[in-house]
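S.K.: Sequence:
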Amino acid sequence: MFILQENPIDVLHARNMCRNPANGALVSFEGMVRADEPQGHVVSGLLYIADSVSVVEEGEKIIKEALTLYSITEAVCIQRTGQLKTSEVPVWIGVWAPHRDEAFKGCRYIIEEIKKRLLIWKKEFYTDGNSAWIRGPQTPVIF
Numbered sequence: 664m665f666i667l668q669e670n671p672i673d674v675l676h677a678r679n680m681c682r683n684p685a686n687g688a689l690v691s692f693e694g695m696v697r698a699d700e701p702q703g704h705v706v707s708g709l710l711y712i713a714d715s716v717s718v719v720e721e722g723e724k725i726i727k728e729a730l731t732l733y734s735i736t737e738a739v740c741i742q743r744t745g746q747l748k749t750s751e752v753p754v755w756i757g758v759w760a761p762h763r764d765e766a767f768k769g770c771r772y773i774i775e776e777i778k779k780r781l782l783i784w785k786k787e788f789y790t791d792g793n794s795a796w797i798r799g800p801q802t803p804v805i806f
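Here my numbering is used: the first residue of the sequence shown is 664, the next is one more, and so on.
Note that these hints are calculated values from the structure, not bench results. Everything numeric in this text was worked out from a predicted model, so none of it was measured. Be aware that one or more of the hints could be misleading.
[Claimed, not checked] List time: in silico EDC-like cross-link candidates among lysine to aspartate or glutamate, alpha-carbon distance up to 20 angstroms:
#1 K779 x D673
#2 K786 x E751
#3 K768 x D791
#4 K785 x E737
#5 K785 x D699
#6 K786 x D673
#7 K779 x E700
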């Protein structure tokens, strides 16, 4: 299941989306907005913009691929859009499986593929008032 949403991700709710007694493992990944200093600027937040229709379609394909490639029973990816502050979670992935090794492999596959394939643009905002697109339709330029 792939979910694209603007509201904050409820991680506790997401963890409980699959209750299959055959599972012995849940591997999850939480991406967080970090306040690193790219090019000397401290990040105060990010803006995520997505081509909603294509993102959901491609996200569902990635989940199905992971279910086919690995011995996992369920996989969920929740991706946020909109304005996020540092420490907020823009992406959460959960992969359930009978055994941990396959759950780890499935989780890594999903995050790597969504980073490569989804039409999601990201703009950084800095504490000094500047901003820059770091993944988007243009090369990074400080505004």
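S.K.: Give a verdict on every hint.
M.R.: Taking the hints in turn, this is what the structure says about them:
Annotation: proposed proximity of K779 to D673 is violated, straight-line Cα distance about 25 angstroms (limit 20 angstroms). A distance of roughly 15 angstroms separates the Cα atoms of K786 and E751; the hinted pair therefore holds under the 20 angstroms criterion. As the CA atoms of K768 and D791 are separated by approximately 40 angstroms, the hinted pair breaks the 20 angstroms bound. A threshold of 20 angstroms between alpha carbons decides the hint, and for K785 with E737 the separation of about 28 angstroms lies outside it, so the pair is violated.
Restraint check: the Cα-Cα separation between K785 and D699 comes to about 15 angstroms, which is no more than 20 angstroms; the hinted pair holds. Among the hinted pairs, K786 with D673 is inconsistent with the structure: their alpha-carbon atoms are about 23 angstroms apart, more than 20 angstroms. A C-alpha spacing of about 23 angstroms is found between K779 and E700, which places the hinted pair above 20 angstroms, so the restraint is violated.
Violated hints, in rising order: 1, 3, 4, 6, 7; the structure is consistent with all others.
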